[in-house]
Amino acid sequence: MVPLSWYLIFAAALFSLGLFGALSRRNAVAILLGIELMLNSVNINLAAFWRYGDVLNMTGQVFAIIVFAVAAAEVSVGLALVISVYRRRNTVVADEIDMMKW
Amino acid sequence: MTGEQIVFLVVALFTLASGFMVVTTRNLVHAALWLVATLFGVAVTYGLLNANFLAVVQVVVYIGAIAILFIFAVMLTRKDMRDQGPQMNRNWWVGAILAVLTFVGLFFLLQGWSGMSMLAKDIPLGFDAVTEIGNALTSPDAYVLPFEIASVLLVAALVGAVYVAFNRK
Numbered sequence: 000m001v002p003l004s005w006y007l008i009f010a011a012a013l014f015s016l017g018l019f020g021a022l023s024r025r026n027a028v029a030i031l032l033g034i035e036l037m038l039n040s041v042n043i044n045l046a047a048f049w050r051y052g053d054v055l056n057m058t059g060q061v062f063a064i065i066v067f068a069v070a071a072a073e074v075s076v077g078l079a080l081v082i083s084v085y086r087r088r089n090t091v092v093a094d095e096i097d098m099m100k101w
Numbered sequence: 000m001t002g003e004q005i006v007f008l009v010v011a012l013f014t015l016a017s018g019f020m021v022v023t024t025r026n027l028v029h030a031a032l033w034l035v036a037t038l039f040g041v042a043v044t045y046g047l048l049n050a051n052f053l054a055v056v057q058v059v060v061y062i063g064a065i066a067i068l069f070i071f072a073v074m075l076t077r078k079d080m081r082d083q084g085p086q087m088n089r090n091w092w093v094g095a096i097l098a099v100l101t102f103v104g105l106f107f108l109l110q111g112w113s114g115m116s117m118l119a120k121d122i123p124l125g126f127d128a129v130t131e132i133g134n135a136l137t138s139p140d141a142y143v144l145p146f147e148i149a150s151v152l153l154v155a156a157l158v159g160a161v162y163v164a165f166n167r168k
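Protein sequence lines correspond, in order, to chains F and E.
When we follow numbering that gives the first Met the number 0, the leftmost residue of the first sequence carries the number 0, and every step to the right adds one.
When we follow numbering that gives the first Met the number 0, the leftmost residue of the second sequence carries the number 0, and every step to the right adds one.
Hint data in this document are derived by calculation from the structure and do not stem from the laboratory.
The model shown is predicted, which means the values in this text are computed figures rather than measured ones.
A hint or two may mislead.
Partner residues are not named here, just some residues of chain F that face chain E (Cβ under 8 Å, in silico) [as the list claims (entries may be wrong)]: (1) ALA11; (2) PHE19; (3) ARG24.
Even glycine gets a Cβ: it sits at the ideal position worked out from N, Cα and C.
Isolated chain F, as found in the complex (with noise of 0.2 Å):
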């Protein structure tokens, strides 16, 4: 059997390669690529704990289920922002987006 703590740290080292992504990449699809992976990872660990925990209590898929509509909520919104500001300037380098700076 595989002990809980093998999902646990997987997981968490997913965040990490995601959180990575989110803060490194320049283009704004590689950011959302890197949120992808965190949420990914959060969800790992929402089954995990339903499988170890109470099996007969279902909080835990119920709540990965919820975690996939955000998720495709997130990315329709975010994606159709970035083709948005790029055809307005022509650019999806997260760096050059800067027109609420001041």
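Given chain F, put chain E in place with the hints provided.
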């Protein structure tokens, strides 16, 4: 080592390696394809956790919809097919240090927790997880309200995405 542990280690290493490729590859189409590999590894992890419904939803929603949306967005926002210039910003090393610190911090936090080496209990005979999820999502005693709010959120996101990306010309 049991077979399950070996399978878990192979899947975890594959997922982390493709996750690393997602955040470091220069070509964004390749990064999106590596994301598909990562998401598939996570789906296998759900399978190992006996969360079969989550594994199927992961493949259908994440790989089938979100990853394809990413590939479309990458293709719609390119000046040409080559990626010039640096893909990392000037302060990428700060991000790297923060990510390593997050992992080390979480690792030591988890080390000190007593439930760390917990093993999974056997699933009771005749337990059907999909039925239980269905009941939990539609029962007023459980999670029908978050479920409905999630559907409203999805409609709002759909309308918002169409409005934001709409070309008025």
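Hint by hint, here is what the structure shows:
Hint status for ALA11 of chain F relative to chain E: holds, with the closest Cβ pair at about 4 Å, below 8 Å. With its C-beta approaching chain E no nearer than about 4 Å, PHE19 of chain F sits inside the 8 Å limit, and its interface hint holds. Annotation: interface hint on ARG24 of chain F holds; nearest CB of chain E at approximately 6 Å, less than 8 Å.
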